[in-house]
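Student: For reference, the chains in residue letters:
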Amino acid sequence: MRWLARQLSLTVLLLLGACAGPPLYQAQSYVFGTLVDITIYGAPEAQARAAADAVLKDFQTLHQRLHAWQPDSELSQLNRALARGETAPVEADLADMLKEASQLSARAGGLFNPAIGGLIRQWGFQRDEYTPVDIDPVRVDALVAAAPRMSDLHIESGSIRSDNPAVQLDLGGYAKGLALDRALRQLRQAGIQHALVNIGGNVIALGQHGERPWNVGIQHPRQPGAMATVALQDGWAIGTSGDYQRYFELDGQRYCHLIDPRSGYPAQHTQAVTVLIPPGPQAGTLSDVASKPIFIATQQQRAQVAQAMQVQHVLVVDEHGQRFVSRAMAARLNWLDKHAKTQLLF
Amino acid sequence: MRRRSFFSSLSSRSGLFARRHLIRVRSLRQRFSRSAFTRRAASMRAALSAARAHPFPRLLAGDWLTLLASLLLVLLLFQTLWQSQGASKLRIRQGDTVYATLSLDQKRTLHLHGPQGETEIIIDHGRVRFLRAPCNSQYCVHQGWLTRAGQVAICLPNQISLELLGKRKSYDSLNY
Numbered sequence: 001m002r003w004l005a006r007q008l009s010l011t012v013l014l015l016l017g018a019c020a021g022p023p024l025y026q027a028q029s030y031v032f033g034t035l036v037d038i039t040i041y042g043a044p045e046a047q048a049r050a051a052a053d054a055v056l057k058d059f060q061t062l063h064q065r066l067h068a069w070q071p072d073s074e075l076s077q078l079n080r081a082l083a084r085g086e087t088a089p090v091e092a093d094l095a096d097m098l099k100e101a102s103q104l105s106a107r108a109g110g111l112f113n114p115a116i117g118g119l120i121r122q123w124g125f126q127r128d129e130y131t132p133v134d135i136d137p138v139r140v141d142a143l144v145a146a147a148p149r150m151s152d153l154h155i156e157s158g159s160i161r162s163d164n165p166a167v168q169l170d171l172g173g174y175a176k177g178l179a180l181d182r183a184l185r186q187l188r189q190a191g192i193q194h195a196l197v198n199i200g201g202n203v204i205a206l207g208q209h210g211e212r213p214w215n216v217g218i219q220h221p222r223q224p225g226a227m228a229t230v231a232l233q234d235g236w237a238i239g240t241s242g243d244y245q246r247y248f249e250l251d252g253q254r255y256c257h258l259i260d261p262r263s264g265y266p267a268q269h270t271q272a273v274t275v276l277i278p279p280g281p282q283a284g285t286l287s288d289v290a291s292k293p294i295f296i297a298t299q300q301q302r303a304q305v306a307q308a309m310q311v312q313h314v315l316v317v318d319e320h321g322q323r324f325v326s327r328a329m330a331a332r333l334n335w336l337d338k339h340a341k342t343q344l345l346f
Numbered sequence: 347m348r349r350r351s352f353f354s355s356l357s358s359r360s361g362l363f364a365r366r367h368l369i370r371v372r373s374l375r376q377r378f379s380r381s382a383f384t385r386r387a388a389s390m391r392a393a394l395s396a397a398r399a400h401p402f403p404r405l406l407a408g409d410w411l412t413l414l415a416s417l418l419l420v421l422l423l424f425q426t427l428w429q430s431q432g433a434s435k436l437r438i439r440q441g442d443t444v445y446a447t448l449s450l451d452q453k454r455t456l457h458l459h460g461p462q463g464e465t466e467i468i469i470d471h472g473r474v475r476f477l478r479a480p481c482n483s484q485y486c487v488h489q490g491w492l493t494r495a496g497q498v499a500i501c502l503p504n505q506i507s508l509e510l511l512g513k514r515k516s517y518d519s520l521n522y
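Residue numbers (the numbering used here), protein chains in the order written: chain H, 1 to 346; chain R, 347 to 522.
The following block holds chain R by itself, in its conformation from the complex (with noise of 0.2 Å):
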């Protein structure tokens, strides 16, 4: 009486398996089958010469509200991420010339040579300063660090001055 309960309980619980097993067979089967292909294949044939038929197809509502939104992002991006690098250039001039116009995103030393020596200077992360100057006055010096677009330092006996660029400079020139 045991045992048998036993197996029985046992092949129930097999052919529960087994029936859950076959259906999934057959819906794979139904899927995969011959004629599903073949129905499948000739919808995309048809697709494919009505695309040659029309190489532009009509763009609807969603395509064009996409393409605008793309296009908007683009310019969002471009306005964003373009202008915040602008923010952080340093301009360095040298008598009548542009020396250079450098990231202040770096840790850099620079020697320049103007007609009294040699000036220094120092970029550390997004700052800049007159470090030594070979006049007597050092007013670059001790103008210390510029930290916002459209600071300027002048050294003016060895012609060399530093200006910070930003799109958001809020004025052309300075008043001294």
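So here's chain H without its partners, still in its complex pose (with noise of 0.2 Å):
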């Protein structure tokens, strides 16, 4: 009887511990100019701590280092060195970043483009706060017409020059998706199995939330909340530009940050594009990356853009708030809003 009696008190107590929930763990801080969130499952709280802040710390290193706009950062100080024309040092794996960032570059025919930091700045995106600007259209025509690109970057054995003096470097469009690959590599080696990181709206997975993957919803270009979610599997990462989150509203018309290398002006025909990256080692990268070109490509050239960037899963939602999505999208997309209609893209 008394056996029966603990036993009884035994489920009782794992019953509610259940109810309790497995150990998560969140951290938060204001880095890249934006939010970011590391949620660790499964793993000790200590561990699970240590791990977070380390790679907090590696992303406020990072931002530093790549901060487009507080002169004193590396990048800075190599943007001055090349609109003088010089050959400048640059630590190896700042190269390396340059190198990368400029294949992507080429992938995306020129409509990713981290050489525009000059109308980047023209359009008053390198602030901390986006207020509007006098647009100047000969300024802007200026900008364009040098031309800077990532191919005018002569990179070598430490150092770094360019043919262009007008390129001016901003990895706004990099950075964000390299921390979240560094991040996967780092929780890794420390141990943890299980983590969502999501910086900026830029997320990537590592194992899943329990016995399901992790999900994730989708913002509403003009609605507070999510549209959809999407079950993120181990290593797959997930990027969305947006025009609702940088941008500056000017006599009724919105300017977002994504500007356009070909007209120098920001594009107004795209509400947002999220892009779906399978587990690889840029996977963090292209997630950030990938969904620019495609942002900013016409509606025509947007499937020959995500092929080049060799991306199948693609959400669009144009200007008008009509969704477009690839075939293996819409396979992963749970919409939220049951009435959507959604239109093939490719």
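Just so you know, these hints were derived from the structure itself, not from any lab.
Below are the DSBU-like pairs computed for lysine-lysine, each with C-alpha atoms no more than 35 Å apart in a straight line: (1) R:K453 to H:K338; (2) R:K435 to H:K338; (3) R:K435 to H:K341; (4) R:K453 to R:K435; (5) H:K57 to H:K99; (6) H:K57 to R:K435.
Distance ranges between label pairs, derived from CB positions: (7) H:A330 to R:W491: 30 to 36 Å; (8) R:K453 to H:S151: 58 to 64 Å; (9) H:R49 to R:T412: 43 to 49 Å; (10) R:T455 to H:E45: 30 to 36 Å; (11) H:R49 to R:W491: 31 to 37 Å; (12) R:D451 to H:P44: 33 to 39 Å; (13) H:Q70 to R:K453: 41 to 47 Å.
It should be emphasised that the depicted structure is a prediction, and the values quoted were computed from it without experimental measurement. C-beta atoms are modelled at their ideal positions from N, C-alpha and C, and glycine is treated no differently.
Take the two lone chains, each set in its own frame, and fit them into one complex as the hints suggest.
Tutor: Structural data, given as structure tokens:
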């Protein structure tokens, strides 16, 4: 009888324990001018805290080095040297980043172009806050005519120079993605098996959330909250380029931070582009980079640009709020709005 | 003639009343008679001594069913009541730390100080919003009311975020 009573009380205790849920550690910080969120599942709190702190510290270092408008950052110093037409010394890892960014820029046919820092500054997006700027068409045209490209850069052992003094590097569309890849490697090395890292909306998954995969909501570009969710399996990354996080409005027009290098003006025919990237050493980087050229491309060009970026999973919300999905992406999305109408992108 | 018949009818009525009264008194007397008391006392003594001999009486099937039913009821109540309470909470984060986790079921205005200045947040019975922010862009204020679990509003310049918590959160993180 006592044995039975003991068994019974043990069962009740276990049941109550199950309600409390498994350990979930969450760390949040503001880096890269945005919100960074690290969720770790199933690790002891001390281990999770140490791992998350180390990742956040790495982010902070990367952010300071690659800051595009703090005058003493490594990138700003490099930009000043390039503008003067000098050959500048460069750290090995920064040289690797610039090489990778150049390759991706070439793949995107120049629609992803980290060399247009001058244009981004002209439009007022190299600031902590985006207040409307006086649009100066002459200056914009001059910056476009100068045609700064990543292929103007010559990166050799420990030094860098540019054929074109108009090249001003801004890794805003690359650094957060790279940071995701670094975070994944770092968390794995720290013995973390399950984690979700979110840098300003770009998310990468490690392992899963208990018995189920990590679940990520995709922000509705014009409403608070998600419009769809997607299961993010181990190693997958998701990234969105939208016109709703960094923009200003002037005379009823919206000017977002995604600038078409061909025209020098912000792209205005798209609200959001989301890409889903399969596991790989560049998954995070691609999740950040690949959505930009697809956002800037015209509706007719999008499929071709996505193919060039080797991206199969694409969701596009155009300027009218119409949704276009690739076949592969359609199979992965769970629309929260059941009456959602979508059209096939490719 | 008339008078007698009147009295006779009266007496017969009172007789009926008296007979009923007598029956009631008799049954009461039977119930509380000395012999009944002693009988009951004896049976109670027997039950007591039996209980002393076996402190844990053998539980019958009905007892087990009752126990099981009450256990299930407790679990059910725990599930329903505990969880619906969790679906109505707000988490406010300031910089790297959680500023507060509050019930949404109240009317309250909060003033938080961030790197840019004072941000005003209003909680209004099941919903929350940024009311005033010191930044120029005012994205957070334009987000309007948050009502559903999982919804998030962030004030990047002032480093303050609002998140509605609930057990039935449909995603772990938001891609934006």
